[in-house]
Amino acid sequence: MNNPVSEQNRSPVGDRVRTIDIVHKGLAARYRAERRFRLYGLGAIIISLLFLTIVFVSIFSKGYTAFWQTYVKLDIYFDPSLVKPNNPSEGNYQAMVKAALGKMFPKARSRLGKRHLNALISPGAAFQLRRMVAEDPDLMGKTSPVWVPANDDVDMLVKGNTDRLVAEGTRRLKDDQLVWMDKLIADGRVEKRFNWMFFESGDSREPELAGIRGALMGSFFTLIVTFSLSFPIGVAAAVYLEEFAPTNRFTDLIEVNINNLAAVPSIVFGLLGLAVFINFFNFPRSAPLVGGLVLTLMTLPTIIIASRASLKSVPPSIREAALGIGASHMQTVTHHVLPLALPGILTGTIIGMAQALGETAPLLMIGMVAFIVDIPSGFTDPATVLPVQVYLWADSPERGFVEKTSAAIMVLLTFLVIMNATAVLLRRRFERRW
Amino acid sequence: MDPTILFLVIVGLCILAYVAGLKRAYAVAGGRREVKNLHSLPSYYGWLAALWCGVPALLLYGFWLAFEPSIIINVVLNHLPQEMRDLPSDRITLIVNEIRNIVTGAIKSPDDPALMAAAQQYGRVRSLSHVALAVAALSVGIAGAGTVWWRIRPAFRARNQVEFVMKMLMVLCSTIAILTTIGIVASVLFESIRFFRAVPITEFLFGLEWNPQIAIRADQVAGSGAFGAVPVFAGTLLISAIALLVSVPIGLLAAIYLSEYAGSKMRSAAKPLMEVLAGIPTVVYGFFAALVVAPTIRDTGGLLGLHIASESALAAGFVMGIMIIPFVSSLSDDVINAVPQAMRDGSYGLGATKSETIKKVVIPAALPGIVGGVLLATSRAIGETMIVVMAAGLAANLTANPFEAVTTVTVQIVTLLTGDQEFDNPKTLAAFALGLVLFVATLILNIIALHVVRKYREQYE
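Going line by line, the protein sequences match chains A and B.
If you want this note's numbering, it's the position in the first sequence, counting the first as 1, plus 6.
If you want this note's numbering, it's the position in the second sequence, counting the first as 1, plus 32.
Any given hint could be a false lead.
Quick look at which bits of chain A chain B covers, simulated, 3 or more residues with Cβ under 8 Å [unchecked claim]:
(1) 97-109
(2) 138-147
(3) 206-213
(4) 362-368
Which chain B residues face chain A? A few, computed with CB under 8 Å, are given here [stated by the list, open to error]:
(5) THR314
(6) VAL394
(7) GLY467
(8) VAL469
(9) VAL472
Pairs of lysine-lysine, BS3-like flavour, derived with a Cα cap of 30 Å [as the list claims (entries may be wrong)]:
(10) LYS303(B) to LYS487(B)
(11) LYS391(B) to LYS31(A)
(12) LYS318(A) to LYS391(B)
If you're looking for bench data, these hints aren't it; they were derived computationally from the structure.
Remember, it's a predicted structure, so these values are computed and weren't measured experimentally.
By construction, the Cβ of each residue, glycine as well, lies at the ideal position given by its N, Cα and C atoms.
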């Protein structure tokens, strides 16, 4: 290895070829192969980390704008003739928005022009005005400047996602609308604000009004059901299998079943939920209760396997010491083994919950894929969950939903990161080497 | 009594039973200082009383509420006018739904007075049933707790009984795994059998045309459904094969580098990062595939003069491959680490370089485990749903061209089962037949893989 060249230059003694020379001859090629192989391995890691970066960057770069929403300042005249005097919740608030727009751009006279003009403002503006009047009835008959949400196409324009150079026919915003928007922007009547609506409202057909509150609550209720069932059941099953179960056919059968269930595709659990919970037991469709039950069955194997590993790592001396001072078998387990194994069990449970939070396919089967505007307030209300909301929005053709989808994914990933980080911290903090 | 309140009352009764049992134990022992006279710790007497109070009462509660709706509906239906009861079964289902909606208040004023009457009767029967349930559950609970209370003596072996009950509960919890398997098999099997009555199993397994439409009218053009699943299976295999082509080389090489070359710092940094890939929800990958990868592949193909469908198998398979990389790499990492160091040392001693040792010694020794891991990855790829639902096609093409759109088993299940369902329609039942195939295929792969991996581990332990 020190200097193969000089070795190679020396001619062999007589006709006898020495082995060392053959070795040396091939050595350079072999080292090259070694370096190449090493590079392949490094390349594989770099490629997979590159994919990871691309996934995150593409989601993030598309999604962060969704946390801001374009608002337009309109001088609204709260016209008393448009509202029922004794009942402010019934009134034509849409007409007030239209009137304010018309006053600002009186040139838009034609039907088409008016329609284009009114399309600049979100239909949510009318609800906002109604809410304002309900809170403060004195507004009636006055004119006051109000910031109302812009329509999603306008929002996209302000955020720079609309290409003005495309032919008018293929553009969502027409030429006259662009002129009006430029005027509004020049007048300082357009502003981007933090999009609280995204966190406060449920789903909507209008991208600018759609929010993730409903999906978040749905995920919350679903996970509560999943956790409160899968944690006790999983721990009990793990304790039995690890500490009490005799080795016989029955326990073998259980083990084989658990291992196989861990690898069954999640959609099959959805079929189970549909056939058993919904068709057989007549549970309500789209309910977090059923979603939670299905996810419980799905996460149980994960929790059981993690809990068993954690129980197994508690050294037998602990058990022997407890038994030695007269504790019963059950007392040994519940008073000593289980508390020592708890950090590991909790880590496994959190990882299982993170899986459940990100799971989509089985929930599609049990009808949690419906379009639900109301925010669920209980376990049997129709609901959807965060990943299903992502799926629903990803299917919507509007450009505005692309950023909403990415933003919902960012929220989902944030929760997953928090959960997994908690699991890692828990492991670091309480892990004991015996 | 409202069931929720009743539940809380039962729980409260259990607490009372615990206290009563505890007090009784102290009393029969002869005071707090004489606890040594008791067979078990005093709290066990309390627990036993609470268990005997709560378990029977809650069991009764659960069964009652599970079967109550169907029984009440039957009672109500029997009192409907004769002409309503003679309607076909699907109309009856509608009527039942309408009655339920009136009861919950979703429909305020129904058109039919008979329905209103039925709804009122439903409400009456239900409140009667709830009163009966409350009386039954509470008396069962009190009787259970009372029996225990009366039997408490110093020699009463309360701990053994409590522990027996706990153990039985644990056994029950662990049988849930078996029950789940039975549930899966039963649910997909029964519906599949109903499907195979309408469509012969040979046509399903070997037919070359998949077009799950059922004619609404008998004389409809192009309404006859075709349920030959071969194109669907072929599409699944094509996408899975692409996924494996991406993930196996990358995953395996990454695992080799991490376990054989990387220093401990690099290892502890790169491994968790790779695991992050596995933790990303599949719906995110689906969105990524549909929004980023598929258009990129299509446009690149366009530059090269290839026609690539925007829902090409390549895009879905590629992204699925990315998802499976950490799966392959962590499984391979495990088996590579299980190869004994002595085998490597022997190879080094003969003068082999590190890569030669890996290629000629470590990999052959780890091969069974790696194959097992690849099989598990295959079953993961076959069962993966969201990526293909969002990025693969719906139409069943029988093709091996990765640039065309194909469909998969999971995509078909999702499309057949989301939206309107009729459970007497082969279109809906076909989803369960596909589910059966999916379950059996992944089960076989998993069993083989687990067997191989386990055999391999035993070899070196």
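Is the straight-line distance between the alpha-carbon of LYS318(A) and that of LYS391(B) 30 Å or less?
It is violated: about 35 Å lies between the C-alpha atoms, which goes past 30 Å.
Evaluation of the interface hint that places VAL394(B) against chain A, nearest CB under 8 Å
12 Å, violated
Was the hint right that THR314(B) lines chain A, CB cutoff 8 Å?
7 Å, holds
Less than 8 Å between beta-carbons is the criterion; does VAL469(B) satisfy it with respect to chain A?
11 Å, violated
Please verify whether LYS391(B) and LYS31(A) have alpha carbons no more than 30 Å apart.
21 Å, holds
Holds or violated: are the alpha carbons of LYS303(B) and LYS487(B) at most 30 Å from each other?
26 Å, holds
With a cut-off of 8 Å, does the beta carbon of VAL472(B) approach a beta carbon of chain A closely enough for the hint to hold?
10 Å, violated
Status of the GLY467(B) interface restraint (C-beta, 8 Å, chain A)
5 Å, holds
Tell me if chain B covers the region 97-109 of chain A under the three-residue, 8 Å CB rule, please?
Not satisfied, violated; 0 residues make the cut.
Given as covered by chain B, does the region 362-368 of chain A meet the bar of three residues or more with CB within less than 8 Å?
As far as the region 362-368 of chain A goes, the hint holds, because 5 residues have Cβ atoms under 8 Å from chain B.
Take the region 206-213 of chain A, compare each residue's beta carbon with every beta carbon of chain B, and decide whether three or more fall closer than 8 Å.
n = 0 at 8 Å, threshold three: violated.
For the region 138-147 of chain A, do three or more residues have a beta carbon lying closer than 8 Å to a beta carbon of chain B?
violated (count 0)
Hints 1, 2, 3, 6, 8, 9 and 12 from the list above are not met by this structure, while the remaining hints are.
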